[in-house]
Structures are given as structure tokens and as C-alpha cells.
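Sequences are here, hints too, so could you generate the full structure?
Number of protein chains: 2
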Amino acid sequence: MNMRPLILLTNDDGIDSDGILALTRMMMPLGDVVVFAPDGPRSGQSNAITVTQPIRFNKIQEREGLVRYSCNGTPTDCVKLALNEVLDRKPDVLVSGINHGLNSAINVIYSGTMGAVFEGCENDILALGFSIDDHSQHPNFSYFEPFVTRIVREALDRKLPYGVCLNVNAPRGEIKGVKVARQTRGYWTKEFERRSDPRGGFYFWMTGFFHNEEPEASDSDEWALREGYVSVVPTRIDMTAYDQMENIRSWKL
Amino acid sequence: MNMRPLILLTNDDGIDSDGILALTRMMMPLGDVVVFAPDGPRSGQSNAITVTQPIRFNKIQEREGLVRYSCNGTPTDCVKLALNEVLDRKPDVLVSGINHGLNSAINVIYSGTMGAVFEGCENDILALGFSIDDHSQHPNFSYFEPFVTRIVREALDRKLPYGVCLNVNAPRGEIKGVKVARQTRGYWTKEFERRSDPRGGFYFWMTGFFHNEEPEASDSDEWALREGYVSVVPTRIDMTAYDQMENIRSWKL
Chain A
38 MNMRPLILLT
48 NDDGIDSDGI
58 LALTRMMMPL
68 GDVVVFAPDG
78 PRSGQSNAIT
88 VTQPIRFNKI
98 QEREGLVRYS
108 CNGTPTDCVK
118 LALNEVLDRK
128 PDVLVSGINH
138 GLNSAINVIY
148 SGTMGAVFEG
158 CENDILALGF
168 SIDDHSQHPN
178 FSYFEPFVTR
188 IVREALDRKL
198 PYGVCLNVNA
208 PRGEIKGVKV
218 ARQTRGYWTK
228 EFERRSDPRG
238 GFYFWMTGFF
248 HNEEPEASDS
258 DEWALREGYV
268 SVVPTRIDMT
278 AYDQMENIRS
288 WKL
Chain B
38 MNMRPLILLT
48 NDDGIDSDGI
58 LALTRMMMPL
68 GDVVVFAPDG
78 PRSGQSNAIT
88 VTQPIRFNKI
98 QEREGLVRYS
108 CNGTPTDCVK
118 LALNEVLDRK
128 PDVLVSGINH
138 GLNSAINVIY
148 SGTMGAVFEG
158 CENDILALGF
168 SIDDHSQHPN
178 FSYFEPFVTR
188 IVREALDRKL
198 PYGVCLNVNA
208 PRGEIKGVKV
218 ARQTRGYWTK
228 EFERRSDPRG
238 GFYFWMTGFF
248 HNEEPEASDS
258 DEWALREGYV
268 SVVPTRIDMT
278 AYDQMENIRS
288 WKL
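Keeping their order, the protein sequence lines are chains A and B. The numbering of the first sequence is this note's numbering, which starts it at 38 and goes up by one. The numbering of the second sequence is this note's numbering, which starts it at 38 and goes up by one.
Quick caveat, the hints were computed from the structure, so don't treat them as lab data. Do not rely on the hints blindly, as some may be mistaken.
Stated by the list, open to error - With a cut-off of at most 30 Å between alpha-carbon atoms, the simulated DSSO-like pairs for lysine-lysine come out as follows: (1) Lys289(A) to Lys127(B); (2) Lys127(B) to Lys213(A); (3) Lys289(B) to Lys227(A).
Said to hold, decoys possible - Reference listing, derived: stretches of chain B covered by chain A, where coverage requires no fewer than 3 residues with Cβ under 8 Å from a Cβ of chain A: (4) 52–62; (5) 167–180; (6) 278–284.
To be verified - To give a feel for the contact side, a few chain A residues facing chain B, derived at Cβ under 7 Å: (7) Arg41; (8) Gln220; (9) Val270; (10) Ile285.
All figures in this text were calculated on a predicted structure; none of them were measured in a lab. By construction, the Cβ of each residue, glycine as well, lies at the ideal position given by its N, Cα and C atoms.
Laid out in C-alpha cells, this is it:
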């Protein structure tokens, strides 16, 4: 019987991105790795699922301890297909990333990287997402690497309760340590660039700036990142605002 | 000065769907209505944003108390564009739906309807999503209508704290009343139908069944719906699992 952990990897930057290649290399010493990832970029795909088109996937590599599948769907589709159609047992851990760009603060709800993590979490699989503050094609993961390995090892050892996963983000460059933090309150602003097309019509590109509503909050993930720490936000898929239930019950409904 | 509430409407079934047409009719007596919705179905689009393609929108109707815009983006794109590029003031309320099909339990994370609601919530706008247990093209909204109107009126009167929105679902047919509930724990199973194409390749359609992990929990939204009640789940966009922070701090990170 194979006692090595089964590690499912995915991401939202696509199967050929540096982030998932680096993650694959980091995870192979920890167990048997199955990569099931989108065939190209799916940034900002959140928990989107593909319901109006058929989905396909192909095995593109198989060797000792590593199998890789490429899929035309979203990150969430990838996790669903891996669990339903490919793996013969539940993975011990799902790791998503390493995303090129942060998924801190409210970005957790837009992130395809974290969408895949939530999908694993819903299915009672230990699930972690990793992201780095570098949108370039070839980020330097060397400072982050020992933290990624340690966090996954520790998670495999300690486990998490049902419905809770980890959103891990790293600053660029040297790292001072780890802060367990909460999701920073904030929003996006100036989100579009308006352009004219050659026929006089107009169109918009999404862009924008994140506005941090609480830049001084030292327990927030944005603060930790700005100060040079890796932020680890325990994140739950039950979005119920329990503290508001009594309030809403007092409404005349 | 115009003192009528400004009401922003969107959905994920598309601007011509029965659900948003019904919602528009219900909301017009309550204020000035701006509809900004996708030009076709965007079910399962979650909080997806369009970052790799340009986005366009067109004004398709304008009359006293009502303006309608059609957009090629996701529900979340629609809210962002409406707030950034179209409206000259912050809406008093954002209402999304009425979705053809439930967004109860874990479906809140896949739902384009609720993605739009979260986008409003992030921007400090009172935001509510409405869905009905009927996937057909022409649901009967007549039983739900008085509840929709009353819930929006009451929300405008009472407000919600920052970061909290409402996820409102209705059963099909007669309604016994309203239950303020929490998100039911559960997951999807048997999610794909495998088919062969004429060239011998295979592809998958997403389908599946929701497995309710706690069918007897009388405080859950699935229970309320099954018993004939409208479920109102106060929902928060801060996904931090606060109760796990001390636990994770004890890990060797």
C-alpha cells in the first residue's frame, strides 16, 4: 500500500506558469503529486464553474511520483474533475498556486487560485492557496520556498477543521517570518481604463487600485505583507454572518 | 433634489431573463431603477472578473424612472462598471436576481447572482440577492413577490453593517413565511456526465447533485426551503475563520 501523501496541485495562471512548476518541484519530496490545471491563464475566475460548454482534459505527463493533466476549464472545474474523474482516492492535501500576484484582502473572492482551494475545502480536503506579490512571468520564489514547504508539512501534520482552508501570501524579496492574519477590509477603485476602437466605439479594460481601509491594522494580511511577512489567513467557506442573525430576525419580514 | 432611492439591479441569467424583468417591475415603485446586467446567461460565474478581454456595454432603454444597460461581462463586471462609469451617485441598494434556481448552501460561492451582491457589499452598498427554486425559463414569481418587496423595503429602512449582505432564496409555490437561516453544510457529488464526440474523444458536462450534510438542521437554509419558507442568510464577505487564528498561531511556521 502506498503510504506517501497524495498531493493535488492546481492554479489559475495555467499549467505552464512558473508558479505551478515551482510548486510541483517543492511538493514532490512530500508525496505523490497530481497536477490538474487549466491549459492557460484563468486569473480572476473566482469559483466560476463551466455549465454552458463541455469541458475536456488531457494527461500530458506521467512519471514516477508525478502525473499532469491540462484542462480547458476553470480552476474550480479542474478540482471537480480531478476528484470525480481522475483520482482513485481523496487527496491528502490540495495546494493551489503559486499565484503570480497577491490574493490578500478582498482579492480572495476574485481569485481563481482560492476558488480551487474553496472547492477542495467543500469536499473535506485539506486545502491551501499560495500567492506571491509579483505579477511578472518569472517571479523569484526562492525566499518563499522554505515557507511553502514548511506550511504544507505542518498542515499535513496538524490538519484543519471542516470548512476551513488557508490563504497564504508572500511579499517579494526577503521574508521576516510568518503572521497569522485576518482579511484586510478594503475595496478596488478607479477600476477601468476607457479606450476608443477604430470605429468610434468604446471599450473598457479592467485595472484599478486596491484601497486599504485600515492600513494601520497590525492583525491584517495587508499589514503583514507590507512589513515583509508571509500572511496566513485561516479562511472559511461558510459565509454566514452569524452575528447578524438576531438583528435580521428583528426585521418585519 | 431627487429623494427617491436609487436602485441598481443586476443578475446572472442575462438582461432578458424573466427574473430580472420581474424584479424590475417589483422595484420600480420603490425608487429609480438602473438595470446593468449581462447580455446573456452567466450562471456559475461566481465573482469572476474579466481581465484578459475588453468589456463593453450599451444603454438599451431609458424612460422615466428606469434605465437599462446590457454588458458583455460577468455579473461582477456589471456592478463594477455601473459604479465606476455610469452612476453619478452611490446606489441606495443593489438587488441581484431573481435567479432562476437556488443559491442556498454552498452554491453561494459559485453564484454569479451572489458575486454581484458581494461586489456591492465590498463597496459599502446595501446589497441583496434573490433566487427561486425554479430553473425553468418562466418561473412563477407571484408567491415570492410580496416577500421580495418587503425584504428590500425593510433593508432600506434598517440597513446592514459594512461587509454584510443578504442571500434570499424561495421555494417554488406557496410560501409559509420567512426564516433567517445559516448556510447549510454540504457539497456536490456525481458532478459530470461523460460523453464521446464523433471523433472518439471524450468531454464532460457539469451536472451533479447537492449532498446535504445536515438535513435535520432546522436553522439551515436548505431546511427552511424544504419546509416551504423563504430563507434569508446574512452573509459576510470577510471570509476569515477568526476562531482558527489562535490554533494556526500554535503551528511551527
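Do three or more residues from the stretch 278–284 of chain B put their C-beta atoms closer than 8 Å to C-beta atoms of chain A? Coverage by chain A holds here, the residue count being 5 at a Cβ distance below 8 Å.
### Query
With a cut-off of 8 Å between beta carbons, are at least three residues of the stretch 167–180 of chain B near chain A?
violated (count 0)
Measuring from the C-beta of valine 270(A) to each C-beta in chain B, is the shortest one below 7 Å? holds (6 Å)
- Task: May I ask you to test the interface hint for isoleucine 285(A) with respect to chain B, counting a Cβ-Cβ separation under 7 Å as satisfied?
- Result: holds (5 Å)
Open item on the list: Just to be careful, I want the Cα atoms of lysine 289(B) and lysine 227(A) compared with a cutoff of 30 Å; is the pair within it?
Closed with: violated (40 Å)
Closest C-beta approach of glutamine 220(A) to chain B relative to 7 Å, hint status
holds (5 Å)
Closest C-beta approach of arginine 41(A) to chain B relative to 7 Å, hint status: violated (22 Å)
Between the alpha carbons of lysine 127(B) and lysine 213(A), is the straight-line distance 30 Å or under? violated (41 Å)
Note to self: For lysine 289(A) and lysine 127(B), compute the direct alpha-carbon distance and say whether it is at most 30 Å.
What the structure shows: holds (26 Å)
| query | Counting residues of the stretch 52–62 of chain B whose CB is closer than 8 Å to a CB in chain A, do you get three or more? | reply | violated (count 0)
Checked against the numbered hints above, the structure breaks hints 2, 3, 4, 5 and 7 and satisfies the rest.
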